[in-house]
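Peer 1: As given, the protein sequences belong to chains A and B, one line each in that order. Residues 0 to 318 in numbering that gives the first Met the number 0 are what the first sequence lists, from first letter to last. Residues 0 to 159 in numbering that gives the first Met the number 0 are what the second sequence lists, from first letter to last.
Read the hints as simulated data drawn from the structure, not as lab findings. These figures come from a predicted structure and were not determined experimentally. Don't take each hint at face value.
[To be verified] Below, computed lysine-lysine pairings styled on DSSO-like, alpha-carbon distance capped at 30 Å:
#, chain 1, residue 1, chain 2, residue 2
1, A, LYS65, A, LYS112
2, B, LYS62, A, LYS65
3, A, LYS94, B, LYS62
[Said to hold, decoys possible] Covered by chain A, according to a simulated footprint, are these stretches of chain B (three or more residues, beta-carbon under 8 Å):
#, region
4, 70–77
5, 80–86
Every residue, glycine too, gets a C-beta built ideally from N, C-alpha and C.
The chain contents come next:
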Amino acid sequence: MKSLAPRLLAAVALLAIPATASAHRAWLLPSVTTVSGTNNWVTVDAAISNDLFDPDHFPMQTGGIKVTRPDGTPGEIQNAAQGRYRSTFDVQLDKEGTWKIGTSTSTVGGSFKLNGEDWTIGRRRGPPSGGPGGPGGPGGPGGQAGAGGAAGPGARGEGQTPPPAAANAAQAHVVATVADIPAGATDIKLSETISRNEFFVTAGVPNDTVLRPTGKGLEFDPQTHPDDLVADEPARFRFLVDGKPAAGLRVTLVPGGKRFRDSESALDLTTGADGMIEVKWPLPGIYWLNVTASDANGSVAKGAERRMSYTATLEVPAP
Amino acid sequence: MRSTSLLLLGGAIVAPASASADTVTVTIPRLNVAEYHRPYVAVWLEPAGGGAPRTLAVWYDVKKGGNEPGTKWLSDLRAWWRKGGRSMAMPADGISGATRAPGQYSIPLPRDLRAGNYILNVEAARETGGRELVTLPITVPNGSGKATGRNELGLVTLSR
């Protein structure tokens with residue numbers, strides 16, 4: 000079992016299962032989404048917290064942040080730093096067009112029985128091990144991201160994860176991956192969790208390269224360009240699952256700045272038969288969009304549960 | 000630089016005298032504030048029934064170069080930027096120019112403008128200050144009308 004421990008912890012840190020019971024949300028807050036010229040930077044706050052966009056809980060790990068340049072090629076983040084409550088990073092916007100910046104994670108979890116006892120794949124049951132760990136500890140950002148956000152980026156672990164609680168974790172009935180399921184296991188249930196959390200920033204004229212659907216999983220297929228929003232014009236966003244319009248999905252849009260209001264003032268919309276929602280913005284501002292879907296089309300095994308989550312940060316300027 | 004402004008100003012003053020062209024007049028108000036910077040201003044027309052906007056004037060910090068060139072803040076003219084400013088290359092011949100001091104400025108409508116109804120838009124954004132958009136429905140040719148901004152812009156008129 001000892002040799003399992005490192006892998007185990009990695010798995011604990013890696014998991015990003017959206018726990019709907021928790022209101023913790025992973026969010027990215029860009030300093031700007033529209034810039035003039037190709038000599039600009041966007042600086043981004045990344046955190047996990049209840050209220051948007053108030054960093055008061057845990058920083059998001061930046062190791063899993065991916066940058067897609069307007070031509071579809073990968074870019075890079077710079078100046079990544081982690082604070083107690085938030086991480087920050089920068090991206091130099093040196094090419095005209097629309098950039099996509101965010102996380103994309105895919106993890107597999109599940110359960111099985113062995114000799115009549117319940118085992119978990121990839122994730123401990125119960126509270127995070129290691130007690131009240133600070134950021135970076137096993138109870139810290141990695142684990143919390145899993146328990147938290149609809150998106151749980153953070154999750155990638157990225158090599159931090161000191162394992163003081165290895166023994167504790169190892170005592171639980173957990174294996175790290177599907178490959179570690181022992182012979183003789185029964186009642187194997189697998190589920191796949193796919194999460195995206197991203198925003199778009201445009202230098203000059205917007206383009207659509209980074210918005211093109213891939214046909215895989217839950218996808219955002221905006222008919223109104225996400226960097227072309229304005230408070231007095233409704234926006235039309237379509238959602239796809241495996242490239243097909245996804246009807247009946249509940250889409251939540253939460254404006255930032257709750258502490259200056261009495262309530263969250265979230266918009267709850269449901270996609271129509273064409274997978275579309277039309278958003279009438281109540282106010283200009285920064286919005287956190289989240290939608291989840293699940294089905295039995297997981298790729299890990301036939302009939303495996305697949306849980307999908309999509310999150311985007313949108314800026315809606317005043318007219 | 001100074002001579003350029005003077006020349007433009009000279010041309011602008013002469014324009015209304017010709018009386019044959021419709022002319023837009025834009026007033027930049029004098030503001031009593033601790034830190035004043037001349038506003039960025041964009042003036043453009045949108046066909047009333049929809050269609051491609053046409054920019055008539057953009058006043059920005061033409062001279063500033065380096066790491067943070069004057070073009071960096073063009074997107075602060077957020078309505079103009081979204082309506083078409085972002086697809087224009089700056090400087091633009093006959094359209095862009097330096098920021099203007101408080102005062103009244105005339106911009107002749109282009110002679111090749113097709114007759115019809117338009118929305119005239121004037122947007123101003125000022126560093127450390129506010130931003131304002133004034134719109135005025137107009138008819139071309141020989142139309143007239145006026146609108147007034149509240150803070151960042153004064154009287155906007157169309158006259159012959």
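Peer 1: When you check the alpha-carbon spacing of LYS65 (chain A) and LYS112 (chain A), does it fall within 30 Å?
Peer 2: violated, 37 Å
Peer 1: Count the residues of the region 70–77 of chain B whose CB lies closer than 8 Å to any CB of chain A, then report whether that count reaches three.
Peer 2: holds (count 6)
Peer 1: Would you check the hint for LYS62 (chain B) and LYS65 (chain A), treating anything up to 30 Å between C-alpha atoms as holding?
Peer 2: Between LYS62 (chain B) and LYS65 (chain A) the Cα gap is close to 37 Å, so the pair fails against 30 Å, i.e. violated.
Peer 1: Holds or violated: LYS94 (chain A) with LYS62 (chain B), Cα cutoff 30 Å?
Peer 2: holds, 23 Å
Peer 1: Can you take a look at whether the region 80–86 of chain B is actually covered by chain A? Rule is 3+ residues, C-beta closer than 8 Å.
Peer 2: holds (count 4)
Against the hints set out earlier in the document, violations occur for numbers 1, 2.
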